[in-house]
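Chains as they are written, first to last, in the working numbering: chain L, 1 to 209; chain E, 1 to 298; chain S, 1 to 214.
Just so you know, these hints were derived from the structure itself, not from any lab.
A few of these clues could be false.
Beta-carbon label-pair distances, calculated as ranges [as the list claims (entries may be wrong)]: (1) W67(L) - D84(E): 48 to 56 Å; (2) E95(E) - G205(S): 36 to 44 Å; (3) I297(E) - Q66(S): 53 to 61 Å; (4) Y110(S) - G160(E): 48 to 56 Å; (5) A162(L) - Y59(S): 57 to 65 Å; (6) A129(S) - Y87(L): 48 to 56 Å; (7) I297(E) - G205(S): 24 to 32 Å; (8) T129(L) - H228(E): 32 to 40 Å; (9) I31(S) - N293(E): 31 to 39 Å; (10) P56(L) - D168(E): 29 to 37 Å; (11) G60(E) - F83(L): 39 to 47 Å; (12) H228(E) - P159(S): 20 to 28 Å.
Listed next, the in silico BS3-like pairs over lysine-lysine satisfying Cα-Cα at most 30 Å (straight line) [unchecked claim]: (13) K153(E) - K255(E); (14) K157(L) - K270(E); (15) K258(E) - K71(E); (16) K270(E) - K258(E); (17) K65(S) - K31(L); (18) K153(E) - K70(E); (19) K86(L) - K153(E); (20) K154(L) - K70(E); (21) K157(L) - K71(E); (22) K270(E) - K71(E); (23) K255(E) - K157(L); (24) K154(L) - K270(E); (25) K192(E) - K31(L); (26) K255(E) - K71(E); (27) K192(E) - K153(E); (28) K153(E) - K258(E); (29) K270(E) - K255(E); (30) K71(E) - K154(L); (31) K25(L) - K192(E); (32) K25(L) - K65(S); (33) K70(E) - K258(E); (34) K192(E) - K65(S); (35) K258(E) - K154(L); (36) K157(L) - K70(E); (37) K255(E) - K154(L); (38) K255(E) - K70(E); (39) K258(E) - K157(L); (40) K70(E) - K270(E).
By construction, the Cβ of each residue, glycine as well, lies at the ideal position given by its N, Cα and C atoms.
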Amino acid sequence: MGTAELIWNGVAAFLVLCIYSFLYKDNPFYKFAEHLVVGVSAGYFAMILYYNAFLPKLIHPLLAGQWWYIIPGILGLLMWARFSRKYQWLSRPTLGFVIGSGAGVAIPLYLQNYVIRQVHATMLPVGFTSWPLITNLLIIIMVFCSLTYFYFSKQHKGAFGAAATFGIWTLMIGFGAGFGMTVMGRVALLAERVVFLRDYFAELLSALF
Amino acid sequence: MIIFPCSKAPRYRPFLRVVFLLICILLIDPSWSLAQEDLTESWFNPNRVNMLVFLVFFFGVIIYFIRRAKKGKSLFIRRIAGLDAIEEAVGRATEMGRPVLFVPGIEDVNQIQTVAAMIILGNVAKMVAGYDIPLFVPICRPFVVPVAEERVKEGYASAGRPDAYNRDNVRYISDEQFAYAAGVQGIMLRDKPMANLLFGSFFAESLMLAETGFLTGAIQVAGTANIHQLPFFVVACDYTIIGEELFATSAYLSKEPKLLGSLKGSDLAKAVIMGILALGAILVSFGVIEFKNWFFIQ
Amino acid sequence: MRREIPIAICFLFGISFILEYFIPHEGVLSIFETIRQWAIIVIAFAYVLGIANLLRINYHVVQRKQRDWPYKIILMASLFFMITVGIVFDILGVGLGGIGEGTIFGWVYYHAQYPLQSTMFALLAFFIASAAFRAFRIRTFQASLLAVTALFVMIGRVPVGESLWAGFPDFTEWIMNVPQLAGKRAIMIGAALGAISTALKVLTGLERTYLGGE
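Excised from the complex, chain L in its bound form (with noise of 0.2 Å):
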């Protein structure tokens, strides 16, 4: 590791260690670094949109004679229109453009992906006589319940409560699983860490003695 390299990665293990020091508790280091990354990170974002977005999306379509692009350069101008009190509402056919657009994005893509193709997953074939069919069974009354617990517009009392208990237990089970699940990837990535700061620490310990 050349000294340059070594200078910067000790700027990154300081910053590292900057970090870790809010686990004691609230201090300066950790307030440098909170606001160095909030500033570092607003200043990365607006590169990334204007070499990615702004320059290849709109100038250079406009450059090169697509004159429709100049729509969304004019929404887009229009969003600035916040900067005034008074003409404000020149912002609204902007938002209603992007919420609309998302809206619209959203509701076919959630009927498929998150509706149907999971009824379709659900429709399992069902028995007694293998341990295969009871599981299908099993997971076809606990969606079931699970739903029944999400219904609004009546009272959760009786069987329809039973139910709705049930689906809740389900939905507490699958909770478990899913934090259980995590627990080994959030540790691996402090293990990364550590790495890093262990391989530095050697270099620099190697390049001063």
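Put chains E and S on the given structure of chain L with help from the hints.
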């Protein structure tokens, strides 16, 4: 809208409507689902007729119940403990003289969960407006800033306190997920809000925010439809709004008939789906797979 | 008209994107792909609003010398620094300007932003440990279900689980493939119905909260 005149007993009409709809779905010509070779010159994709049927049905049901609600038909909505807790949390923050923090997730305004969060924000702003405590709203996406400002301003205005609205309390932090989490953690540690309301779309930063909020002793109510983050909210927060309950929040808090009507429509759609599931499972168990195949999407 | 026109635009574009899903015609799809690019462009313009908000609020803190005001200077300075080396240096043709490897921007990204982000991400290991500790303080039956399942899944996915009981990995798989899957499906279906209902209310103007007041 579907009218089923046969039953004289009103309580059986919804069930009979479900059966009627199922029969209609079964009678739709399955040959429409046959894949075609080249669709690039076609004006309709026949492989998606099942989607069209569902969409038309669902839209029809929602609009029907909204119109019914507008005519004054009262609609029941069951108690959702987490949503009742929002008012309790705001009340506790007022007692302690500490701010309320509303975190609307990290996705942009074109995502439906963020739209739902903005709707809830307006209701919360109306609650907070009556008390002299700040409402902090840290934002992850710049496009959400004007929407959040409008919602908070409108909430304060509808509570008769437009003077109490402070524009500086709606703050853009950063587009980057963990920079945003760091910024929100900073607000939690230094401004020490008593009530943390986390509604919207969250990812890995959910646990960070919830745990930091717990460390500061705040009451936390969280709601998301992101399945993988729900376990962390359930563990770390006092109340968790799960999945569809997030979208029901605006109806629950405002008790507006139109919104309650759409909730009723959603419930009917769920009942139909349960009926379809049951029928599909039974048919597949007897080796009849055509019904199941109708729901296949390429 | 100040509210009606945006609602009409919202409805028009929303319905168009719904119809696009059913129309496989190449020409139509390319038009909608262009409109999707428009949304990205508009969001890029909106970024200026975010930066202006950030600068305004932090400038007020510095001006009034409120709590932590020196750190706000660091925040604003780092923002201006990134914009300067990213755009200004590139426009002026100053060496090492622009973005990408070998530029000042790239160095700051790899040696400051990336380590900061990764370390924030890595803090999750500590947070999940403290959350797990609290989760295992069982108070209700539902909490006990969550805690016990989490424990079984954690043990079942490491070698020590199999050495305790040979069937542990299979049992963990069963938990993942049956109750976890069932719960996940129900949440997905319910949430999707709620999302579609909300989207429909937005498109039809029943939910016009994004417009604000008059």
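*When you check the alpha-carbon spacing of K192(E) and K153(E), does it fall within 30 Å?*
23 Å, holds
*At the C-beta level, are Y110(S) and G160(E) separated by a distance inside 48 to 56 Å?*
53 Å, holds
_Does K258(E) sit within 30 Å of K153(E), going by the straight-line distance between their CA atoms?_
23 Å, holds
*Could one say that the CB atoms of A162(L) and Y59(S) fall in the range 57 to 65 Å?*
Since A162(L) and Y59(S) have Cβ atoms about 59 Å apart, the given range 57 to 65 Å holds.
_Against the range 39 to 47 Å, how does the distance between the Cβ atoms of G60(E) and F83(L) compare: consistent or not?_
43 Å, holds
*Decide if the proposed pair is consistent with the structure: K153(E) and K70(E), CA atoms, cutoff 30 Å inclusive.*
27 Å, holds
*Straight-line Cα separation of K70(E) and K270(E) no greater than 30 Å?*
22 Å, holds
*Take the C-alpha atoms of K65(S) and K31(L), compute the straight-line distance between them, and say whether it is at most 30 Å.*
16 Å, holds
_Restraint status (C-alpha distance of K71(E) to K154(L) at most 30 Å)_ = It holds: about 20 Å lies between the C-alpha atoms, which stays within 30 Å.
*asked:* Tell me if the straight-line CA distance from K154(L) to K70(E) falls inside 30 Å.
replied: Holds, at about 20 Å.
*Take a quick look at whether K270(E) and K255(E) sit within 30 Å of each other, Cα to Cα.*
Since the Cα atoms of K270(E) and K255(E) sit roughly 21 Å apart, the hinted pair holds (cutoff 30 Å).
*asked:* Next pair to validate is K157(L) with K270(E); report whether the Cα-Cα distance is within 30 Å.
replied: 18 Å, holds
Hint compliance for this structure: no hint is broken.
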